[in-house]
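Kindly generate the complete structure, drawing on both the sequences and the hints.
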Amino acid sequence: AQKITQTQPGMFVQEKEAVTLDCTYDTSDQSYGLFWYKQPSSGEMIFLIYQGSYDEQNATEGRYSLNFQKARKSANLVISASQLGDSAMYFCAMRVYTGTASKLTFGTGTRLQVTL
Amino acid sequence: ETGVTQTPRHLVMGMTNKKSLKCEQHLGHNAMYWYKQSAKKPLELMFVYSLEERVENNSVPSRFSPECPNSSHLFLHLHTLQPEDSALYLCASSLGGGNSYNEQFFGPGTRLTVL
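Protein chains in written order, with the numbering used here: chain X, 1 to 116; chain L, 1 to 115.
These are computed hints drawn from the structure, not numbers from a lab.
As the structure is a prediction and not an experimental result, all values here were calculated from the model.
Some clues are possibly wrong.
Derived DSBU-like pairs (lysine-lysine); straight-line CA-CA distance at most 35 angstroms [stated by the list, open to error]:
1) K18/L with K103/X
2) K73/X with K40/L
3) K41/L with K3/X
4) K40/L with K103/X
5) K41/L with K70/X
6) K16/X with K3/X
7) K19/L with K40/L
Written out as structure tokens, the structure is:
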């Protein structure tokens, strides 16, 4: 079975500072994908960044980067130069290819609060 | 309209009511998903449709009945729900069917309260 663990229920960061949100995963599959989503208070889940299990380089998307350490089974999200609009819930998720359907398994999320 | 839309955004219903949640995607995707998000719990995948065929049903009670009439529309029919079914129901869609790594795009969700 696949499992995603996010150990930080809440985080605070000052505006313009960088913050790291932790994510560890557990799977016996060799081929998988890791995603980060942002959920503002409005409810929709916004895709941020993706890392494939065979990707050799860490994924980056603008201010977001994914610190992928395969041996440790961790996929931490780094947000640089935090902005007030970054305040939201952040979810780490893993996709495993099942042969018939792709399933996303989510962690419990981290609530990030950006302060002045 | 662009992206993934869901209606209604909020729904309050009694345990004996019958209601339906609607999801529509304008992205040309061919896979659609229903998720349930309860307070302090991870998102739970409920159903997956790939090319309008249900390919995943995660032991969801029969009081939830999905319907996918075409690749752009997905419904979740509700009947005789329980208070513990109160949650945010999220719809998502993706390209490449259910077995690809393409990211899923989510709608804004329907906040359901069962009295």
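Need the status of pair K41/L, K3/X: alpha-carbon distance at most 35 angstroms?
Holds. K41/L to K3/X sits at ~13 angstroms (cutoff 35 angstroms).
Does K40/L sit within 35 angstroms of K19/L, going by the straight-line distance between their CA atoms?
holds, 25 angstroms
Mind checking the alpha carbons of K73/X and K40/L for me, to see if they're no more than 35 angstroms apart?
holds, 24 angstroms
For a C-alpha distance cap of 35 angstroms, please report whether K16/X and K3/X respect it.
Roughly 32 angstroms between the alpha carbons, so the hint for K16/X and K3/X holds.
With a cut-off of 35 angstroms on the C-alpha distance, tell me whether K41/L and K70/X pass.
holds, 26 angstroms
Holds or violated: are the alpha carbons of K40/L and K103/X at most 35 angstroms from each other?
holds, 20 angstroms
Quickly compare the C-alpha distance for K18/L and K103/X to 35 angstroms and report which way the hint goes.
Holds: K18/L and K103/X sit about 28 angstroms apart, inside 35 angstroms.
No hint from the list above goes unmet by this structure.
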